Amino acid sequence: MTRKPARAVAPWVRTRLRTAPGAALAFGLLVLVTAFLAAALPRAVDAYETDGLRHAITAAPAHRSALTLTTPSEFADQLAPAKLRRTRDELTPLLPAPLRVEPADSAYGARTTKRIPAFDRWLPQPDGLPPELVLDARADLAAHATYTAGRAPRAGAGGSMEAAVTAKTAGALRLKVGSVVHVPGTDGVPKAVTVTGIVEPKDVGRPFWSVDPLLHTPLFTAKGVDEPKWYWVATLIVAPESGPGLLKTLGEPEQYWRYAPATGHLTAQDTDRLATALDSAAAGPDLVKLRRAVGENGAFDTDLDELVAGYAGLRDVIASVVAVAAFGVGAVAVVVLAMTGGLFTARRRAELALLRSRGASLTGIGGRLLGETVVITVPAAALGLLLAITLTDAPGARLWPACAAAVAVALLASLVLPLRAVLLHRRPQLHGGREDVITARPSRRRTVAELTFLVLAAGAVTALRRRGTGDSGSVDYLVSAAPVLVALIAAFVLVRLYPLPLRWLARPARRLRGVVGHLSLARAGRSSAAGALPLLALLVALTTAAVGGAVLTGVADARDKAAHLATGADARVSNDVGGTPLPAGLAETVRGVPGVREVAPVQIEYGLELPSRRGSTDHGMGAPLVGVEPASYARLAARTGFGAFPADLLKSTGTGGPANVGNNARVIPAIASPAVADRLGDKPMEITAAAGRFHVRVVAVRTVTPALPDKDFLLVNADDLVNRAPTALLVTGDGAGRPDGPALRAAVAAKDRNDQVTLAAEKRAAYVDSPMQTGAERLYLAAIAAGAGYAVLALLLSLLQVAPERAMLLARLRTMGLTRGQGRRLLALEALPQALLAAVGGALVGWATILLLAPGIDLVRLALAGAPEEAMGLGAALRADLWSLGLPAAGVVLLAGGAALVQAWWAARRGSIRELRAGDAR
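Start counting the sequence shown at 1; every next residue gets the next number (our numbering).
Derived by calculation from the structure, the hints in this document are not laboratory data. Keep in mind it's a predicted model, so treat the numbers as computed, not measured. Backbone N, C-alpha and C fix where the C-beta goes; we use that ideal spot for every residue, glycine too. Among these hints, one or two may not hold up.
Subject to a maximum C-alpha distance of 30 Å in a straight line, what follows is the list of computed BS3-like cross-link-like pairs (lysine-lysine) [unchecked claim]: (1) Lys248 / Lys223; (2) Lys651 / Lys763; (3) Lys751 / Lys763; (4) Lys289 / Lys229; (5) Lys83 / Lys289; (6) Lys168 / Lys202; (7) Lys202 / Lys114; (8) Lys114 / Lys168; (9) Lys114 / Lys289; (10) Lys202 / Lys176; (11) Lys711 / Lys651; (12) Lys176 / Lys114; (13) Lys168 / Lys248; (14) Lys176 / Lys248; (15) Lys114 / Lys83; (16) Lys229 / Lys202; (17) Lys561 / Lys651; (18) Lys248 / Lys83; (19) Lys289 / Lys202; (20) Lys176 / Lys229; (21) Lys711 / Lys683; (22) Lys223 / Lys168; (23) Lys751 / Lys683; (24) Lys229 / Lys114; (25) Lys561 / Lys711; (26) Lys763 / Lys561; (27) Lys83 / Lys229; (28) Lys223 / Lys711; (29) Lys114 / Lys223.
Simulated restraints on C-beta separations [claimed, not checked]: (30) Ser160 / His63: 27 to 35 Å; (31) Ala556 / Lys289: 44 to 52 Å; (32) Glu102 / Asp272: 21 to 29 Å; (33) His265 / Ala675: 27 to 35 Å; (34) Thr774 / Leu383: 28 to 36 Å; (35) Leu497 / His265: 55 to 63 Å; (36) Lys289 / Ala449: 53 to 61 Å; (37) Ala631 / Leu219: 31 to 39 Å; (38) Ala556 / Ala458: 30 to 38 Å.
Based on the sequences and whatever the hints tell you, model everything.
Dropping the structure here:
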C-alpha cells in the first residue's frame with residue numbers, strides 16, 4: 001500500500017512573508033511608488049500635450065483657426081436664406097474627422113467680395129475719398145448682438161435693402177436709424193440701403209465677430225505712400241432676405257460658411273489625423289465631397305493646418321528634451337530595484353546556499369523565490385497603476401501606456417530576486433572569500449561590457465552634439481540615453497580608480513597612533529561586487545539632477561534675457577508717443593517706488609540723419625541718438641548683458657548745456673552699433689540733431705544696447721547734449737529683480753497719464769503661452785525630485801546591506817576596548833570614501849555631461865514659444881547650475897555620514913550580546 005506524500009507543514013510563501021513582514025512591506029512600497037511613477041509619466045505627457053493642442057487652436061486668432069468654405073454666386077436663388085441654411089446643414093457632417101465645429105460660434109450668409117464706394121455727400125470724406133462699404137447678409141445676427149436703437153433689418157419693398165450697423169460704425173460714418181446709403185448698381189442706378197438698427201455685439205471676442213473685425217469696427221486707412229489720402233472702410237449687415245439683392249451691386253457677392261472648430265474632443269493622438277484631414281479638405285478627396293454640396297467652384301480655406309504644424313513641431317522638441325529626464329529617472333529606478341534584489345539575496349545567501357548544498361535545483365529555488373515576490377509585486381504594481389490613473393485623470397491621457405509601464409515594473413521587480421539568486425548559486429557554495437576592492441582584478445567579461453558601454457556612450461554623445469535632440473522630428477532614444485550612458489561609464493571608471501587612493505592612504509595610516517584611521521580605510525577597501533550598483537545609481541541620479549537643473553536654468557535665463565530685450569531693464573517708463581520728453585521730477589519719483597534699486601534716464605531721438613565718410617553720393621542712413629548717464633547705464637548694460645562697456649568710455653567733455661549752443665566744433669565720444677560705426681568711420685563726424693549740433697568720434701562698437709536692443713544706435717553722454725530731456729527711464733529692481741508694478745504705475749500716472757510702464761516680468765510671463773511648456777517644466781521638477789529620492793534609497797540600501805557586518809564589527813571591537821565615540825568615528829570614516837567618491841564623481845560627471853550635451857540640446861522652443869523672432873534669435877542652451885550640482889552632492893555626503901552615526905548610536909544602545917551570540921555569519 002503506497003503512502004501519500006506528506007503535506008507541507010508550512011507553505012513557503014506564507015512562511016517567508018511572516019518571517020520578514022517589514023522587508024516585504026518595504027519592497028511592496030518601493031514597487032508601488034515605482035509603478036505609480038512609471039504609469040503616471042505617459043499619462044502626464046498625454047495630458048499636457050492634449051492641453052497644448054487645444055490651446056494652440058483656441059488661443060489663436062479666430063480668423064486663423066476658422067474653417068471657411070466659399071463659392072461665387074451667379075443666381076439669386078443661391079443667396080436665399082433657406083438655400084444657405086440647407087447647404088450649411090449638408091456641409092457640417094461632410095467635414096472630415098476629427099474635425100468638429102461649434103455651431104454657436106459659426107456663421108454663414110452672403111457678402112460682397114469687393115468694397116463698394118458710397119458717394120453720399122453727407123458721409124465723412126477726410127481727404128475727399130468716399131467711404132468704401134462691404135455688404136454682409138449674415139444670418140443669426142440677433143443671437144449675437146443687442147439692438148440699442150431701431151429694429152432688425154428686413155427685406156425691403158421692391159427689392160430695396162435694409163441693414164444694421166454696430167455703434168462704432170454708426171459713430172464713424174455718422175449713421176443713425178433711418179439713414180439711407182447709396183451704392184453703385186450693376187445697371188448704373190444706385191441701390192439704396194436703409195439703416196434700420198444700431199447693434200452692440202454681445203461678445204466681440206467670439207468668432208462670430210472676431211473672424212472679420214471690419215464687421216464691428218470700421219477701418220480708417222490710406223491710399224498712397226508719398227501723399228497718403230485717408231478714408232473709411234466699414235460693413236453694413238443687411239438682412240439675410242436681402243442676399244439676392246447683392247447681385248445688383250458691383251460687390252461681386254459670394255456665399256460663405258464659416259465654422260469655428262471644436263476642440264473639446266481632440267487629443268494629442270489626433271494631431272496627425274487632424275493634419276491629414278485639413279490637407280484632404282483643402283486639396284484632396286474631401287474637397288470633392290464638399291464641392292458636391294457648394295458647387296464645383298467651392299474653396300476651402302483655413303490657417304488651422306499651420307497652427308497644427310506649429311504645435312507638432314513644439315511637441316516634438318519638448319518631447320525630446322523631456323525624454324532625457326525620463327531616461328535618467330528610469331535608469332535610477334531600475335538600478336534601485338536591482339539593488340533591492342541584491343540586498344535580499346545577500347541577506348538570504350546562507351539559506352539559499354544550504355538549500356543548494358542539500359540538492360535543491362535552480363528551477364525549484366527560482367520558482368519559490370518568484371512565487372514569494374509575485375505575491376508582493378503584482379498587487380503593489382496594480383495599486384500604483386490605480387493611483388496613477390486616479391491622480392492623472394485628465395483629457396487625452398491614454399490607458400495602455402500606463403498599463404504597459406506598470407506591467408514592466410512588476411515584471412522587473414518580480415524577476416530581479418530569482419535571477420540574482422539563480423546566477424549566484426549556479427554552483428553550491430560554502431563560504432565566500434574576501435571580496436577586496438584593493439586586490440580585485442576585473443574579469444574579461446567585465447572589461448568587454450565596459451568597452452561596449454563606452455562605445456555606446458561615445459556614439460550617443462557624438463550624435464547629440466551633431467544633430468541635437470529636436471532635429472529628427474521624433475525622440476531619438478539613444479541620444480536621450482546619453483546622460484545615463486555617460487554616468488554608466490563614469491561609474492565603471494570610478495570603481496576601477498577607487499582602489500588607488502585607498503592604497504595611497506593605507507600606508508601612512510598605519511603609522512598613526514590611533515586604530516580608527518587605519519581600520520576605517522581597511523574597512524572601506526572591502527566591499528562586495530554589488531558595490532558598483534549604488535555608485536551607478538548615485539551617479540545617474542546626480543547627473544539627471546544636474547541636467548535637469550541646467551535645463552530649468554537655461555530656460556529661465558533665456559526668458560529673462562528675452563524679457564530684458566523687449567524692455568531694456570526690469571521696467572521701462574516711456575510716453576505713448578515715442579520721443580516725447582518725460583515730466584520733470586519723474587526720475588526722482590520712480591526712485592522712491594518700493595522695489596526700485598536704480599533708475600537710468602535715457603534720451604532717445606529717432607530719425608537722426610547720419611553723415612557719411614564716403615561722400616555725398618552715398619545713400620542716406622538714419623539711426624536713433626541715445627543720451628545716457630554713463631555710470632548708471634553702464635551698470636545696467638552689465639546686468640542685462642546687452643553691450644556692457646566701461647563708463648569712462650563716455651566721459652563727459654564738459655561742453656554740454658545751453659551755454660554751448662553755438663559750439664559746433666566740439667567732439668564728444670560715442671558708442672555705436674556696427675552699421676553706424678562703419679558709416680561714421682574713425683574720424684570725427686558732424687551730427688545735427690534736436691539735442692544739439694556737435695561732432696562725434698566712435699570710441700567703441702557694441703552690437704546691442706539696453707535702450708534699443710534690436711536697432712542701430714549712437715550712444716553718447718547726455719551731459720554733452722545742448723538740449724537735454726529724458727524720454728525714457730530704465731528701472732532696475734531690487735534683489736528680487738521685480739519692481740512693484742502697481743505702485744510704479746500709480747506713481748507714473750500721477751505725473752502724466754500718457755506715460756506707460758512696461759514690466760519685464762509681464763513680458764516674461766507672456767513667453768509661456770502653451771500648457772506644454774509649463775507641463776514639461778513641472779515634469780522636469782518631478783524627475784529631479786524622483787531621481788533624488790531614488791538616490792537616497794540607493795544609498796540607504798547600500799548601507800543596509802553591510803549593516804549586520806558593521807554591527808558585529810562594533811560588538812567585537814567593544815570587547816577589545818573600543819569606545820562609543822571611536823565606534824561612531826570608525827563607521828563615519830568608513831562610509832566617507834564611498835560617499836565622497838559618489839558626490840565628487842556625480843558633480844564632475846554632471847558638469848561634464850552638461851558641457852557635452854549643451855551644443856546639441858536646443859531649448860529655444862521650450863523657453864520662448866511665444867516670443868518674437870528677435871528674442872528667438874538669442875537662443876537658449878543648457879547652463880550649469882551650482883545648486884543642482886553641489887546641493888545633491890553635499891546631501892549624499894551628509895546622508896551617508898548621518899546614517900553611519902545613527903547606526904553606531906543604535907548599535908551602542910542595543911548592546912552587543914545578540915551579535916556576539918550570532919557568530920561569524922559572513
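Hint by hint, where does the structure go against what was stated? Just the numbers, ascending. 2, 4, 16, 19, 23, 27, 33 and 37
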